[in-house]
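Using the sequences and the hints, build the whole thing.
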Amino acid sequence: MTILQDVVDNINYIGAIAVFLIGLRIVVVHSNMIKRIMGLNIMGTGVFLFFVSIGNVTGGMAPIVDPNAPGVTYINPLPSVMILTGIVVVVSVTVYSLSLVIRIFETYGTIDQEELSQMARRNHHNDR
Amino acid sequence: MIVEHLPILNLILFMSMALVIPLLRRQPFKITLILGFIVLGLVSVSSIYLLYHVNQFDAIHYTLGGHDTRFGIELLVDPFSALFTTIIVLLASIIYVYSSGDRTEGIEPNEYGRYYVLLFVLLMSLFGVLYTNDLFNTYVFIEILSITTCALISIKRKREAYSSAFRYVMMNELGSLSYLFGVALLYMATGITNISLIGQALQTAYETYPFNVVIALTFMMIGLGIKAAIFPFHVWLPDAHSSAPSTSSSLLSAIVIKVYVLVLIKILFRVFNVEILLDLNMRTVLLVVAGIGMIMGSVFAIAQQDVKRMLGYSSVAQIGYILLGIGLLSWEGLRASFFHILSHGLMKTALFLSAGEIIYYKRTRRVNDFDGIGFIMPVAMSVFSIAALGMIGLPFTSGFISKLYLGTALLDGRQVVFLGVLIVSSLLNVMYYLPIIILAFLKNEKYQYRLTSIERAPSTMIGPLVLLGLLIVLLGVMPQPIMQLIDAAVHTLIP
Numbered sequence: 018m019t020i021l022q023d024v025v026d027n028i029n030y031i032g033a034i035a036v037f038l039i040g041l042r043i044v045v046v047h048s049n050m051i052k053r054i055m056g057l058n059i060m061g062t063g064v065f066l067f068f069v070s071i072g073n074v075t076g077g078m079a080p081i082v083d084p085n086a087p088g089v090t091y092i093n094p095l096p097s098v099m100i101l102t103g104i105v106v107v108v109s110v111t112v113y114s115l116s117l118v119i120r121i122f123e124t125y126g127t128i129d130q131e132e133l134s135q136m137a138r139r140n141h142h143n144d145r
Numbered sequence: 005m006i007v008e009h010l011p012i013l014n015l016i017l018f019m020s021m022a023l024v025i026p027l028l029r030r031q032p033f034k035i036t037l038i039l040g041f042i043v044l045g046l047v048s049v050s051s052i053y054l055l056y057h058v059n060q061f062d063a064i065h066y067t068l069g070g071h072d073t074r075f076g077i078e079l080l081v082d083p084f085s086a087l088f089t090t091i092i093v094l095l096a097s098i099i100y101v102y103s104s105g106d107r108t109e110g111i112e113p114n115e116y117g118r119y120y121v122l123l124f125v126l127l128m129s130l131f132g133v134l135y136t137n138d139l140f141n142t143y144v145f146i147e148i149l150s151i152t153t154c155a156l157i158s159i160k161r162k163r164e165a166y167s168s169a170f171r172y173v174m175m176n177e178l179g180s181l182s183y184l185f186g187v188a189l190l191y192m193a194t195g196i197t198n199i200s201l202i203g204q205a206l207q208t209a210y211e212t213y214p215f216n217v218v219i220a221l222t223f224m225m226i227g228l229g230i231k232a233a234i235f236p237f238h239v240w241l242p243d244a245h246s247s248a249p250s251t252s253s254s255l256l257s258a259i260v261i262k263v264y265v266l267v268l269i270k271i272l273f274r275v276f277n278v279e280i281l282l283d284l285n286m287r288t289v290l291l292v293v294a295g296i297g298m299i300m301g302s303v304f305a306i307a308q309q310d311v312k313r314m315l316g317y318s319s320v321a322q323i324g325y326i327l328l329g330i331g332l333l334s335w336e337g338l339r340a341s342f343f344h345i346l347s348h349g350l351m352k353t354a355l356f357l358s359a360g361e362i363i364y365y366k367r368t369r370r371v372n373d374f375d376g377i378g379f380i381m382p383v384a385m386s387v388f389s390i391a392a393l394g395m396i397g398l399p400f401t402s403g404f405i406s407k408l409y410l411g412t413a414l415l416d417g418r419q420v421v422f423l424g425v426l427i428v429s430s431l432l433n434v435m436y437y438l439p440i441i442i443l444a445f446l447k448n449e450k451y452q453y454r455l456t457s458i459e460r461a462p463s464t465m466i467g468p469l470v471l472l473g474l475l476i477v478l479l480g481v482m483p484q485p486i487m488q489l490i491d492a493a494v495h496t497l498i499p
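These protein sequence lines map, in sequence, to chains A and B. Plus 17 on top of the position in the first sequence (first one is 1) and you've got the numbering used here. Plus 4 on top of the position in the second sequence (first one is 1) and you've got the numbering used here.
Hint data in this document are derived by calculation from the structure and do not stem from the laboratory. A quick note: this is a predicted structure, and the numbers were derived from the prediction, not measured. Please note that the accuracy of each hint is not assured.
Claimed, not checked - Straight-line Cα separation of at most 20 Å, EDC-like style, residue types lysine to aspartate or glutamate; simulated pairs: (1) B:162 to A:132; (2) B:162 to A:129; (3) B:162 to A:26; (4) B:34 to B:115.
Shown next as structure tokens:
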């Protein structure tokens, strides 16, 4: 019973780590470049969820201070603010890598990394 | 006082330079170059002044927006960050002068402007990573750094450049997210991201939440290890560094991966401290990883036919040397690895730039085609030889001094096994650098009658090379002045 309670209490953290690992698996296992970029985004989401969960205070309010209601507990807004920056960063990385994929598709005609390395090996062979 | 604002002014100068370049319409290359010289000159002067100031007086704490350091971002200029920002800006100026001469080989003429935009954003993020005293801010600067480095590789319109840049961006992003996960775990345990404050709070946090702290350390080390190409995570480096333009490769190999190592040093010694690291037995982990990297990097380098790939693998081995010094977790070890960061920066820049000049005129990258090149391009090949001998560790070069310090530090730490690894690795260095020198100067007599042949390269390419060669020798003959600065920097990390 206590284990179940622990799981329910920490469901955010467990979920965040699960999302992180799912993303990691996609990045490592798949050879399709678009899928790998999606995997990175999923990984990033896991980290962001983890970060935001740290700032949560049980029973806390959104941190907008109301002078008429003193003694209210607020959640910690700092992690959310940092994660806003983090989201922007991951978006820009995604944009950059997607544009790279467009260039790769234009030059090679494929977005599969295994096919790409096979082509590279063949070219290398022809050079010799 | 104006001195306090100098660090942020440095960042603003770089950033505004990057913003101004796209606005220039006519003759972008010339005006860009002149403006860049002015910016680099100003930043060099202010960095040197900051270095003097923090060594003579006190470290500079600068809070952005005047917020409390518990919530806001703090820039910290101490002997450590001031020393390395100075080294970076001076090395970058040398590379910049060279890049104006070879017109950055392999880049389309209408993309020079973009190249310099990326270069200045890169320098801004390098300075930011070193100045900032905040873990999350470090993450943001690291991300700017990784996007710009990837873009510097893929700017060359060549087929391999795209695919290696894609592999690089994937690995880099895995590294950044692992690092961010580590930051999250530390924030969970302490509730702050300021490095100095975490350093004070971590001892209690380690006692109450040991699990969090250990996992945070692991994630941060893996993340930065991927980015710094520490041995098992080095797979992206040779491709990425060899397909980039020569000036970019020298920037990446000589400066960028070192900055990640410096962030790792900051985290190991400022956020965590030697007692916690010893308690977790990190000394053995770091030393073993470093030792394997030193041997394997050199072994891979021997097998390479392409000179730039060979230099890339050699960087993997050299990162191992630096990590070996860090792994001793001692004052002497850190001193040796700081000196090696500087001397390897000089030697790798010299190697990549001289190899770049040879590639530019000879249109070959194969090591076997280097025969007799010492007679055709005497200056480039002499500098290459000086730097290669430095890599091997011959006396009167800076490489010898760093190996000497590293060796004495290993003996002080009673790690005799790793002294053996150091010697074996140096011998492996001989095996891939010496044949090139022999090939270039002693083989193929048919070129020898052409002793009069003069290098066609412009003086802006020759000048930086000669300067680098002189600096390598100068640092090997009298390392004392720079050692004083390094000692001051080490004192801020290990009291």
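Tell me the numbers of any earlier hints that the structure contravenes, in ascending order.
Result: hint 3 breaks, nothing else.
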